[in-house]
Amino acid sequence: MFDELNDYRKKIREFALKEFTEDVSKKYDRNEEFPFDIAKKALSLGMIDMENPAKILIAIEEMCRVDAGLGISATLPYFGGEVLLLFGNDGQKKILNDVYQGKVMLGLGITEPSGGSDVAGLKTFAKKSGNKYILNGSKMFISNGAIADYLVVLARTSEEEKRHQGLSTFLVNTKLKGFKATKLENKLGVRATNTAEIEFNDVELSEGDLIGEEGKGFYYIMTFFNISRIYVAGQALGISEGAFDKIKSYVKTMNLADEQTMFDVADVSTRIEAAKQLTYNAASYLFKYDPKPELTSMAKAYSGETAVYSSEKAMEITGKSPDESIQRIFRNAKIMEIWEGTSEVEKLVISKQILKGD
Amino acid sequence: MEDEFELLRDTVRTFSEKNLDEKKIESEGITENTIQNIASQGFLGARIPSKFGGSELDEKSYNIILQELSKYSPSVAMRIFILNSLYYPLAKNTELESTLSDASSGKLNVTVDFLNNNRIDGEKFNGIVHDILNANSNKIIVFGKNPAVVDGGTIEEKDFMGFRGLKFGDIKVDSDLQYLNTTSTLNDVLENSYNAISSINLGLISGALDKAMEYSTIRKAFDYTLSSYEPVAFNLSKMISQKNILENILNSNIDSFYALNFSMNIIVETTRYALNVHGGYGYFSDFGVEKFYRDAMVMKSIFYGNSELKNLSEHVFGNKIRFI
Ligand SMILES: Cc1cc2nc3c(=O)[nH]c(=O)nc-3n(C[C@H](O)[C@H](O)[C@H](O)COP(=O)(O)OP(=O)(O)OC[C@H]3O[C@@H](n4cnc5c(N)ncnc54)[C@H](O)[C@@H]3O)c2cc1C
Chain X
132 MFDELNDYRK
142 KIREFALKEF
152 TEDVSKKYDR
162 NEEFPFDIAK
172 KALSLGMIDM
182 ENPAKILIAI
192 EEMCRVDAGL
202 GISATLPYFG
212 GEVLLLFGND
222 GQKKILNDVY
232 QGKVMLGLGI
242 TEPSGGSDVA
252 GLKTFAKKSG
262 NKYILNGSKM
272 FISNGAIADY
282 LVVLARTSEE
292 EKRHQGLSTF
302 LVNTKLKGFK
312 ATKLENKLGV
322 RATNTAEIEF
332 NDVELSEGDL
342 IGEEGKGFYY
352 IMTFFNISRI
362 YVAGQALGIS
372 EGAFDKIKSY
382 VKTMNLADEQ
392 TMFDVADVST
402 RIEAAKQLTY
412 NAASYLFKYD
422 PKPELTSMAK
432 AYSGETAVYS
442 SEKAMEITGK
452 SPDESIQRIF
462 RNAKIMEIWE
472 GTSEVEKLVI
482 SKQILKGD
Chain H
982 MEDEFELLRD
992 TVRTFSEKNL
1002 DEKKIESEGI
1012 TENTIQNIAS
1022 QGFLGARIPS
1032 KFGGSELDEK
1042 SYNIILQELS
1052 KYSPSVAMRI
1062 FILNSLYYPL
1072 AKNTELESTL
1082 SDASSGKLNV
1092 TVDFLNNNRI
1102 DGEKFNGIVH
1112 DILNANSNKI
1122 IVFGKNPAVV
1132 DGGTIEEKDF
1142 MGFRGLKFGD
1152 IKVDSDLQYL
1162 NTTSTLNDVL
1172 ENSYNAISSI
1182 NLGLISGALD
1192 KAMEYSTIRK
1202 AFDYTLSSYE
1212 PVAFNLSKMI
1222 SQKNILENIL
1232 NSNIDSFYAL
1242 NFSMNIIVET
1252 TRYALNVHGG
1262 YGYFSDFGVE
1272 KFYRDAMVMK
1282 SIFYGNSELK
1292 NLSEHVFGNK
1302 IRFI
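For the record, the sequence lines run as chains X and H.
Position in the first sequence (from 1) plus 131 gives the number in our numbering.
Position in the second sequence (from 1) plus 981 gives the number in our numbering.
Hints were generated in silico from the structure; no laboratory data involved.
Please note that the accuracy of each hint is not assured.
Here are the simulated lysine-lysine pairs, DSS-like style, with alpha carbons at most 27 angstroms apart [to be verified]:
| no. | chain 1 | residue 1 | chain 2 | residue 2 |
| --- | --- | --- | --- | --- |
| 1 | X | 483 | H | 1219 |
| 2 | X | 379 | H | 1041 |
| 3 | H | 1088 | H | 1105 |
Note that the coordinates shown come from a computational prediction; the quantities given were computed from them, not determined experimentally.
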């Protein structure tokens, strides 16, 4: 599935190397600015083929290999799109065409100030009133939050049932009255991405804004995570490979040949290969509509840890010759263990799945 | 005697809580006012003899100052470290002694090319001195065949993720080279600084753990505080015990090689985990925890490489070891 796409991979890599120069990467990182032009260009040139998930994975990996801040920004306008694709109505799905062309930006609002790991504990409420829903509450750390046109939002619609059964998903137009986004600044890494805190103050939603059925939101989002975590594994894989590119080039330029460094080179490359096999294996099940949540979570957690490990090794090996681009890789890597389910949450998913059944 | 050390620790802590806001220091640099404050407390010239305006403190007191300050402001601790552990030992008994009193009072800023990425020889130097931390210094000790000093110059700042309160970058220098009449080398000076380096490490570890411990007992996930979950409680407990061991190693004056080695082995993992406990909040500077991870990684990568491991192994094997 992936080998056939080698030419596509090459094309993406060339694009990323041309567009994500050190100066450009540095600029967006320093200014914490979203790279609208780059994101649009990537989409409008058809660089990212949103209709083929294997291509999305490769695009994410290759772009993050060059610069994760820009690579994630360029591939994030579609964030949450699968929820619409799988569960949305025709009108909602239509938006996706504009997303594919870089005309419309999406985002996904799950996490709240009081918690992200415990999704079913969320408090944002959409109260039914006639044929409308009135949305109140707040969301935290929402990527694209201050620049998105629409957010896919998970909210509580009922108190009575079991916590996770009372949740529903909505497509929220960010221009609606009562919607407020505040950009959050001073992130450690992935600083080109936009992150915001969102407040909903009596935002009036129509019944047509409900995605799928009421009360099924938790299930939709868990289905979504089983897809999106593969893409995060791809981001992490890209970061790891980017770190390893730096290690290799440093070791060669400096003519390092001591055994300690050779062992580091061997360890980092072994882990990256393992992360890659795991990610592609999990992805190949998923993309054949046979997702294996435990494999997906293994891929996400292991690749995330590999990104952190590789970037720390790159820092150790090159540290006495400080290099901004390597420090940026290090700063970017840590998010891989946090978003889309922390490593701890992934481990809970893995063990639960593995111990289930016989 | 112990009481005296505890008193000093309390004094530094109280001072830091009141005067040092690392978030502000990271964005604005260490202000003149802060420099004056740390100088008047006697922290700036901690190890420098009183005849040069310093506080002439013993090593243990100096380490306590570094430990406590780096919990609050790693940048301030680093500036003190550069002056006392690197500049002073190279400058003492040389022509540079005359700069020590101004350096202790904060009138003069000084630094050392301890990353050693430049080779500078000759009588005059007109060119770029690369990769200097605390770059806005009036005097920079550089290395070629021998240690020498040059005057500071125009800085081209580079983004450096650690100790952001200090400027980092390349400096355009046009200055005479004044050779230092010393037998000390950069390697000697660094080797003699292992306890000071480990003290900064201990401060970073303690600062990060203090935040994580506090957060884990307040923040709830799945209805319970984070500290009630085994992975969080076990990891933090393990890290607290390692921190206590490091404190004991430093207090008991065991070999400084061991303190360096032990602190470097736990510093990145501990500060990373402290960030991790904060979830998404940890990734933002507001909670003041991500800086410890950045600074820790910088400490490990600049003060603990192959040469330090070789030093340690030679120490353990008694110079009998040969490296391929
Ligand atoms: C830059 C950035 C972008 C983001 N983008 C989005 C987005 O677009 N949309 C969105 O919805 N969210 C987004 N997030 C939020 C992210 O998904 C959450 O931060 C993450 O899920 C963790 O939630 P939390 O921050 O509330 O941490 P908490 O849930 O409070 O957890 C804190 C720590 O405790 C650990 N923990 C919790 N429970 C347990 C347990 N039972 N056992 C062991 N350990 C436990 C966690 O693993 C974590 O280390 C983003 C976050 C960041 C930083």
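Legend entry - Given hint residue 1219 of chain H paired with residue 483 of chain X - CA-CA distance at most 27 angstroms: It holds: about 26 angstroms lies between the C-alpha atoms, which stays within 27 angstroms.
Inset, instruction - Please work out if residue 1088 of chain H and residue 1105 of chain H have their alpha carbons no farther apart than 27 angstroms. - result: holds (25 angstroms)
Inset, instruction - With a cut-off of 27 angstroms on the C-alpha distance, tell me whether residue 379 of chain X and residue 1041 of chain H pass. - result: Since the Cα atoms of residue 379 of chain X and residue 1041 of chain H sit roughly 42 angstroms apart, the hinted pair is violated (cutoff 27 angstroms).
Checked against the numbered hints above, the structure breaks only hint 2 and satisfies the rest.
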